[in-house]
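> With chain H's structure known, arrange chain P on it following the hints.
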Amino acid sequence: MNRLKSKTMGPARFPRGSYTVSASGNIVVSTLPGSFSRDRMLAIGKVVLSALSSARDLGTPFTELAADFAGVEIRARDLAGGAIIFITPQEY
Amino acid sequence: MPVPEKGAEGHPPQPGTRRILILDDDQDFLDAYSRILSRLPSRPEVRVATCATRALAMLDSEPFSLLITDLRMPKIDGFQVLLGARRRFPTLRTVAITGLGDQQYRARAYASGIDLYTEKPTTPTEIRLFSECVDALLTRDSHEGGFRGIQSKSLMDLIQIECLSQHSGVLRITRGSLEGRVWIAGGNVIDAEVQDLRGEEAFKQIFAWKTGHFEILPGDPKRPRTIYNSYESLLLDSAQSLDESAADDDEQIPEAQGISRTLAPLARVRGVETLLLLSAPAQFESWAVENPEELAGWTHCLLGEFQELGEALNAGPLRAIEAAGSVRGAVILSQNGRELMAGMDRKLNARLIRAAGKELATHLGKE
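As given, the protein sequences belong to chains H and P, one line each in that order. Numbering-wise (this note's numbering), the first sequence opens with residue 1 and increments by one. Numbering-wise (this note's numbering), the second sequence opens with residue 1001 and increments by one.
Extracted from the complex, chain H is given alone in its bound form (with noise of 0.2 Å):
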């Protein structure tokens, strides 16, 4: 996953847009633009499907998911089994 690091100082600079990804973790179709690579999005996709799948297991299943960073707010939901992500970037 390093290698997706970006090598600025503080949080990248995020579009807004949304795509959504399939219970399998592929990408169907997105809004964002082509300068957030799509190794972004499926490492996004990777750890919300994991998330919302792991809760399900243990009983609690989430509808939504909203991941606060510094830099961005990753918010998901659960689309049986895949995931509709909508990315904003925070406002500083």
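Hint data in this document are derived by calculation from the structure and do not stem from the laboratory. Ideal placement from N, C-alpha and C gives every residue a C-beta, glycine not left out. Hints may contain errors.
Under the rule of at most 30 Å between Cα atoms (straight-line distance), these lysine-lysine pairs were calculated in the DSBU-like manner [unchecked claim]: (1) 1347(P) - 1120(P); (2) 1347(P) - 1358(P); (3) 46(H) - 1358(P); (4) 1222(P) - 1204(P); (5) 1347(P) - 1366(P); (6) 1222(P) - 46(H).
Computed list of chain P residues with no C-beta within reach of chain H, every gap over 12 Å [unchecked claim]: (7) 1031; (8) 1036; (9) 1061; (10) 1121; (11) 1132; (12) 1133; (13) 1188; (14) 1218; (15) 1221; (16) 1236; (17) 1239; (18) 1262; (19) 1285; (20) 1358; (21) 1365.
Just chain P, lined up with the frame of chain H:
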């Protein structure tokens, strides 16, 4: 500052409002009956729990007048909850509900000391009758304390009655698993005993109980006298000691209610239903969590995965993970080397969960 908790209708509970706790693993039943019962003439505040662990933790942390529990539930069934509740909260009114018309269930439920056994009401008439019964139980109840047998009489009243009438007897007082005895001979209190305490010290301890059961046993003429004060000055001294210790008691409330000092302020944040705080991967404390070991492992892994993702994306520090769900929401955060997982009321929307998360982070930062 914690936001005051709201009642089922969305209004802050009024002082003196009676609380009902409904325990059932059927969320639809809970939704329907919290609406129905919150409209009773006595306007109670209705709280719900979907599992026994959560229900017992709620009973520990705030005063309830009435517990309504389903009898058939996975893991811990309603009978176990009733037994635990009766033992720990002797004045709590209890109602057992079941989908079954089984006579054995009925007999077993009444044997456990419940106030009412009923099948789950389904028709409008049954619902109305059930509501009336619940309201009657609530209005019969008294939050102000009192000893069953002579409702609304304090221990001071009981002792005065016995002493003024020059009786000899042993007053046996029980409060949950505790049992105390006060020996009265010829209108004088001559001895008292509770746990390892004897004499005036024991009397003062028993005197501090605000609720319980009592019975008067025959006198014990061979009991050695350890208390020589008149009953009037004994009652006066005990009342004075009680007033002086009131401030200290306030400080001790969180521990006494089955929640640690660290978790108590977090539990008061609006919408928090369960708590788990990890200070190291295998070192944690929890409140109202059914499966703490499993949840501790999950919380630690989840935070680790998102923190790693944040580093890879150069997204800056992870402030919190928030979730909404059909069973429960969640706030998960890491601060000062500790990890917190708070189970949240499923009715809270994303904005309220975020607000609660910020409040939890503030509390955790103060520690």
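> Hint by hint, say whether it matches the structure.
Against the structure, the hints come out as follows:
Annotation: proposed proximity of residue 1347(P) to residue 1120(P) holds, straight-line Cα distance about 24 Å (limit 30 Å). At roughly 18 Å between alpha-carbon atoms, residue 1347(P) and residue 1358(P) fall within 30 Å of each other, so this suggested pair holds. Of the supplied pair hints, the one linking residue 46(H) and residue 1358(P) holds, its CA atoms being roughly 27 Å apart against a limit of 30 Å. A distance of roughly 23 Å separates the Cα atoms of residue 1222(P) and residue 1204(P); the hinted pair therefore holds under the 30 Å criterion.
At roughly 28 Å between alpha-carbon atoms, residue 1347(P) and residue 1366(P) fall within 30 Å of each other, so this suggested pair holds. Distance hint between residue 1222(P) and residue 46(H) is unfulfilled; the C-alpha atoms sit about 78 Å from each other, more than 30 Å. No beta-carbon of chain H is positioned within 12 Å of the beta-carbon of residue 1031(P); the least distance is around 17 Å. Against the 12 Å criterion, residue 1036(P) stays outside the reach of chain H, whose nearest CB is about 26 Å from its own CB.
The claim that residue 1061(P) is not at the interface with chain H holds, since no C-beta of that chain comes within 12 Å of its own (minimum 21 Å). The beta carbon of residue 1121(P) sits about 29 Å from the closest Cβ of chain H, which is more than 12 Å, so the claim that it is off the interface holds. For residue 1132(P), the requirement that its beta carbon stay farther than 12 Å from each beta carbon of chain H is met, with the minimum near 36 Å. Remark: the non-interface label on residue 1133(P) is consistent with the geometry, its nearest Cβ contact in chain H lying 33 Å away (cut-off 12 Å).
Remark: the non-interface label on residue 1188(P) is consistent with the geometry, its nearest Cβ contact in chain H lying 60 Å away (cut-off 12 Å). Against chain H, the non-interface label of residue 1218(P) holds: every CB pair exceeds 12 Å, the least being about 55 Å. At roughly 61 Å from the closest C-beta of chain H, the C-beta of residue 1221(P) stays outside 12 Å, upholding its exclusion from the interface. With a minimum CB-CB distance of about 54 Å to chain H, residue 1236(P) clears the 12 Å threshold, and the non-interface call stands.
No Cβ of chain H approaches the Cβ of residue 1239(P) within 12 Å, the least distance being about 49 Å, so the stated non-interface status holds. Interface exclusion of residue 1262(P) from chain H stands, the closest Cβ pair being 23 Å apart, more than 12 Å. No Cβ of chain H comes within 12 Å of the Cβ of residue 1285(P); the nearest lies about 19 Å off, and the non-interface call holds. With 12 Å as the threshold on Cβ separation, the claim that residue 1358(P) sits away from chain H is violated: the shortest Cβ distance comes to roughly 10 Å.
No Cβ of chain H approaches the Cβ of residue 1365(P) within 12 Å, the least distance being about 16 Å, so the stated non-interface status holds.
Of the numbered hints given earlier, the model fails hints 6 and 20; all others are met.
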